[in-house]
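S.K.: Just so you know, the protein sequences line up as chains A and B, in that order. Those letters in the first sequence? Residues 502 to 812, per our numbering, in order. Those letters in the second sequence? Residues 116 to 376, per our numbering, in order.
Hints should not be assumed to be uniformly reliable.
Unchecked claim - Examples of chain A residues lying across from chain B (beta carbon under 7 angstroms, computed): (1) 554; (2) 556; (3) 586; (4) 590; (5) 594; (6) 598; (7) 607; (8) 801; (9) 802; (10) 806.
Note that these hints are calculated values from the structure, not bench results. Quick reminder that beta carbons are idealized off the backbone N, C-alpha and C, glycines included.
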Amino acid sequence: MATGNALTISQLSHHYGQRVAVDQLSLEVSAGEIFVLLGPNGCGKTTLFRVLSTLIPLQTGAVSVCGHCLRTEPNAVRRQLGVVFQAPSLDKKLTVAENLKHQGRLYGLAHQPLQQRQTELLTALGLEERVQERVETLSGGQRRRVELAKGMLHRPNLLLMDEPSTGLDPGARADLWKYLQQAVKQDGMTVVLTTHLLEEAERADRMAIMDAGRLVALDTPAALQAAIGGDSITIRTAQPVALAEAITRQLDCAATVLDGTVRLEQPQGHYWISRLVEAFPDEIQSITLGKPTLEDVFIDRTGHRFLADVE
Amino acid sequence: MPSSQSTAAAPVIATLAQRELVRFFRQRNRVVGALVQPIMFWLLFSAGLRSSDLGYAFFFPGTLAMILLFTAIFATISIIEDRREGFLQSVLVAPAPRWAMVLGKIGGGATIAMLQALLFLALGWLTLGLASALGQVVAAVLLMVAIAIALTALGFFLAWRMDSTQGFHAIMSVFLFPMWLLSGSLFPDVPGSWLTWLSRWNPLTYGVAGLRHYLQFDGAAPALDALPSLTMCWLVTLGFAVLMLALSWRIAGTRTTGDLL
Numbered sequence: 502m503a504t505g506n507a508l509t510i511s512q513l514s515h516h517y518g519q520r521v522a523v524d525q526l527s528l529e530v531s532a533g534e535i536f537v538l539l540g541p542n543g544c545g546k547t548t549l550f551r552v553l554s555t556l557i558p559l560q561t562g563a564v565s566v567c568g569h570c571l572r573t574e575p576n577a578v579r580r581q582l583g584v585v586f587q588a589p590s591l592d593k594k595l596t597v598a599e600n601l602k603h604q605g606r607l608y609g610l611a612h613q614p615l616q617q618r619q620t621e622l623l624t625a626l627g628l629e630e631r632v633q634e635r636v637e638t639l640s641g642g643q644r645r646r647v648e649l650a651k652g653m654l655h656r657p658n659l660l661l662m663d664e665p666s667t668g669l670d671p672g673a674r675a676d677l678w679k680y681l682q683q684a685v686k687q688d689g690m691t692v693v694l695t696t697h698l699l700e701e702a703e704r705a706d707r708m709a710i711m712d713a714g715r716l717v718a719l720d721t722p723a724a725l726q727a728a729i730g731g732d733s734i735t736i737r738t739a740q741p742v743a744l745a746e747a748i749t750r751q752l753d754c755a756a757t758v759l760d761g762t763v764r765l766e767q768p769q770g771h772y773w774i775s776r777l778v779e780a781f782p783d784e785i786q787s788i789t790l791g792k793p794t795l796e797d798v799f800i801d802r803t804g805h806r807f808l809a810d811v812e
Numbered sequence: 116m117p118s119s120q121s122t123a124a125a126p127v128i129a130t131l132a133q134r135e136l137v138r139f140f141r142q143r144n145r146v147v148g149a150l151v152q153p154i155m156f157w158l159l160f161s162a163g164l165r166s167s168d169l170g171y172a173f174f175f176p177g178t179l180a181m182i183l184l185f186t187a188i189f190a191t192i193s194i195i196e197d198r199r200e201g202f203l204q205s206v207l208v209a210p211a212p213r214w215a216m217v218l219g220k221i222g223g224g225a226t227i228a229m230l231q232a233l234l235f236l237a238l239g240w241l242t243l244g245l246a247s248a249l250g251q252v253v254a255a256v257l258l259m260v261a262i263a264i265a266l267t268a269l270g271f272f273l274a275w276r277m278d279s280t281q282g283f284h285a286i287m288s289v290f291l292f293p294m295w296l297l298s299g300s301l302f303p304d305v306p307g308s309w310l311t312w313l314s315r316w317n318p319l320t321y322g323v324a325g326l327r328h329y330l331q332f333d334g335a336a337p338a339l340d341a342l343p344s345l346t347m348c349w350l351v352t353l354g355f356a357v358l359m360l361a362l363s364w365r366i367a368g369t370r371t372t373g374d375l376l
């Protein structure tokens with residue numbers, strides 16, 4: 502695997518009629534990275550995924566995959582890509598082996614390498630016993646693993662996955678990540694996946710946060726959390742607006758109201774807790790101190806809560 | 116193979132066509148329905164319209180056309196299922212040429228149609244006794260292949276932009292079924308009537324007429340004078356097939372909202 506960028510996106514915009522789904526988005530993903538695109542539902546990440554996977558045309562901007570231009574060399578780009586869709590793409594009437602056979606031929610694999618690769622992938626994914634079974638008889642988690650095998654069959658340089666954890670229980674999700682990390686290490690593959698799950702994004706090498714079609718953050722998860730610069734303090738109270746104003750005025754620190762709670766971010770949060778409780782003993786019902794999470798990062802960058810955990 | 120090119124077309128066509136056949140034979144009710152329905156229609160039309168002095172031999176070519184029409188059409192409804200079940204999206208992002216995908220899908224559907232038509236032809240041979248020479252039977256089979264391809268491609272073209280099979284059933288009853296009724300399959304030719312005039316504009320008429328030319332049954336002497344010439348039958352049928360393939364290829368290059376399920 503050559504060094505350099507597996508994926509370069511510059512100034513990509515996508516419109517559905519008047520509505521802007523992706524707005525002037527630029528980012529780069531280096532070879533060998535696991536890159537997560539985090540955002541709430543409707544933020545434009547699935548649109549971006551469809552453009553990158555060549556399912557819908559590139560409207561404005563430029564995309565390059567492993568040095569191939571999406572606009573002028575779509576088939577070269579398609580060869581580099583492995584695509585795992587959010588919706589199932591397996592033929593349920595066919596067996597696991599038949600699904601993989603058709604996929605292999607669509608990518609021009611000859612019989613022998615196809616067999617070899619199939620055995621290798623199914624063994625790694627713990628599906629070797631199921632190879633002759635029809636997909637309709639498999640469980641949801643097993644089907645997702647077959648989807649993954651299908652996407653990786655032709656040894657893509659860049660694996661695109663749209664919400665791969667959909668429908669997976671936490672155990673299966675952890676297995677998926679373990680397997681992805683192993684494949685990245687062994688084959689030098691690059692992974693770009695979208696998710697609306699905050700805890701999933703934390704496992705990424707680097708991540709981007711999308712909101713309303715724009716990129717609002719781009720860094721490693723740890724750096725993004727560190728950039729918040731302190732602890733986050735959340736106060737429950739009967740009158741949040743009044744309390745936030747009072748804190749801002751009396752203690753000279755910016756407090757904001759979010760979903761009926763007062764929030765502030767300060768270094769050395771424990772010191773602020775005692776100050777706050779002493780200053781407003783009657784108003785505060787409860788007060789919590791937390792290390793910044795990706796949700797705090799999201800709130801910090803967008804000014805609103807991450808309302809995504811509804812499927 | 117250089118990495119910048121698309122996949123070789125032949126394996127793509129073969130694999131997609133094979134998938135159609137495997138899927139067809141795994142859905143047993145589809146197989147049974149496809150076999151029983153035309154035989155039933157043939158017997159019913161022939162018996163029910165006995166008063167018009169038309170026999171089993173008269174309705175035979177039309178029933179063949181019906182088998183080709185319905186099987187081909189049902190086979191292409193599967194493009195809607197492929198889209199809904201998500202299989203199509205992984206085909207669309209593969210580096211395979213789009214025309215190879217179209218040919219694979221149409222080839223598979225047309226093959227299913229031909230398998231049934233051949234079975235039915237064998238049934239006719241056994242029950243009615245064919246008076247045609249072997250060469251004529253071979254020519255009839257080749258003409259059936261052209262008809263099957265044309266009709267499957269027609270189905271593909273109609274189905275590509277649809278997102279529900281219900282929509283396709285509507286098209287079927289207002290467009291495809293009348294197309295069969297007006298093909299000379301069911302009603303004998305009455306010179307000067309508007310029915311005949313309409314059927315002149317129906318490409319399927321020429322397919323059915325060609326089959327009437329080729330397939331002669333023992334003891335039945337059909338009136339061939341009123342039919343279009345064999346050359347005409349071939350020209351129109353081949354033209355129909357080429358046009359439908361071209362339209363399918365064109366439409367498969369367009370994207371529909373159904374891709375985005």
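S.K.: Take the hints in turn and mark each one as holding or not.
M.R.: Tested hints:
| no. | hint | verdict |
| --- | --- | --- |
| 1 | 554 | 5 angstroms, holds |
| 2 | 556 | 6 angstroms, holds |
| 3 | 586 | 6 angstroms, holds |
| 4 | 590 | 4 angstroms, holds |
| 5 | 594 | 5 angstroms, holds |
| 6 | 598 | 12 angstroms, violated |
| 7 | 607 | 4 angstroms, holds |
| 8 | 801 | 32 angstroms, violated |
| 9 | 802 | 28 angstroms, violated |
| 10 | 806 | 27 angstroms, violated |
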